[in-house]
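Trainee: Take a look at the letters that make up each chain.
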Amino acid sequence: SQKIEQNSEALNIQEGKTATLTCNYTNYSPAYLQWYRQDPGRGPVFLLLIRENEKEKRKERLKVTFDTTLKQSLFHITASQPADSATYLCALEYGGSQGNLIFGKGTKLSVKP
Amino acid sequence: GAGVSQSPSNKVTEKGKDVELRCDPISGHTALYWYRQSLGQGLEFLIYFQGNSAPDKSGLPSDRFSAERTGGSVSTLTIQRTQQEDSAVYLCASSTRLAGDTQYFGPGTRLTVL
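Protein chains in written order, with the numbering used here: chain A, 551 to 663; chain B, 120 to 233.
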C-alpha cells in the first residue's frame, strides 16, 4: 500500500530564510500531490496541487516540486515570515478510491523573528 | 454557509456513551470525508462518501464507528460505546470532484472521552 513520509517533525528557521519541507512516498507515483497548511485548533487549508507531469508549481512565496524518480516532493517558502509558522501536510491520492487522499503526519514549521 | 461546518465544536462524554458528530459540507460538493486526528498525529482517514455510490468505509477502526450521509448533503458520524482511545479531533472535509480536487476542511469536533 502507498505510504507517505514527511521527514522532519519540526523545522525551525530564521525570518527571511527559505524553508524547505520534504515529502516522500514509497509506492506508485500518484497522479497528483497536494500541500496543506494547518494552524492549531483548525482544519487543514489547501495550498497547492502539483500533477505528475509538472516539475514545479509556484504561488506567491510558495514553490512545490515533484520528482517522480526520487518519489519526492519539496515545498519551499521563500522570504519566510513568523506568520508562516504552522504545520504543513502533504497528501496524495489513496490507491483504493479515486478522490481519496492519504496525508503525511506533517512538519511543524517555526519561523523566528 | 461559505465553508464546511461541524458541530459540536467540543464534546465531552463518559466512557460507554454514544456520540454523534455532524458535518455540513459546502453546498454542491459531492464528496465528503471524515478523518480523525489525535494529538501530534497525522490525519487518519475514516470514511468517504461520493455522490450516490457506496461509501468507502475502509478506514473505520471498529464496528463501533458508523457514518451516514442523508440526501447527499449533511453527514453524521456516530461512535457507539465510546472508549478513551476515541478521544481526538474529528475533521470533516468536502470536495467537488473525483481525483485531483482539493478538500475543504471544517474546524473539527474535539471529542474527549472521560
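Treat the hints as calculated values from the structure; they're not laboratory data.
Quick caveat, the model's predicted, so the values are computed rather than measured.
Be a bit skeptical, because a hint or two may be false.
Derived pair list, reagent style DSS-like, types lysine-lysine, alpha-carbon separation capped at 25 Å [to be verified]:
#1 B:Lys-134 to A:Lys-553
#2 A:Lys-662 to A:Lys-621
#3 A:Lys-662 to A:Lys-567
#4 A:Lys-567 to A:Lys-613
#5 A:Lys-655 to B:Lys-176
#6 A:Lys-605 to A:Lys-662
Trainee: None of the hints should be skipped; say for each whether it holds.
Mentor: Verification of the hints:
Restraint check: the Cα-Cα separation between B:Lys-134 and A:Lys-553 comes to about 33 Å, which exceeds 25 Å; the hinted pair is violated. With a C-alpha separation of about 31 Å, the suggested pairing of A:Lys-662 with A:Lys-621 is violated against the 25 Å cut-off. For the suggested pair A:Lys-662 and A:Lys-567, the alpha carbons sit about 10 Å apart, so the restraint of at most 25 Å is met. Distance check on the hinted pair: A:Lys-567 and A:Lys-613 sit about 14 Å apart at the alpha-carbon level, within 25 Å; holds.
A distance of roughly 21 Å separates the Cα atoms of A:Lys-655 and B:Lys-176; the hinted pair therefore holds under the 25 Å criterion. Between A:Lys-605 and A:Lys-662 the CA atoms are separated by roughly 30 Å; this puts the pair beyond 25 Å, and the hint is violated.
Checked against the numbered hints above, the structure violates hints 1, 2, 6; every other hint is satisfied.
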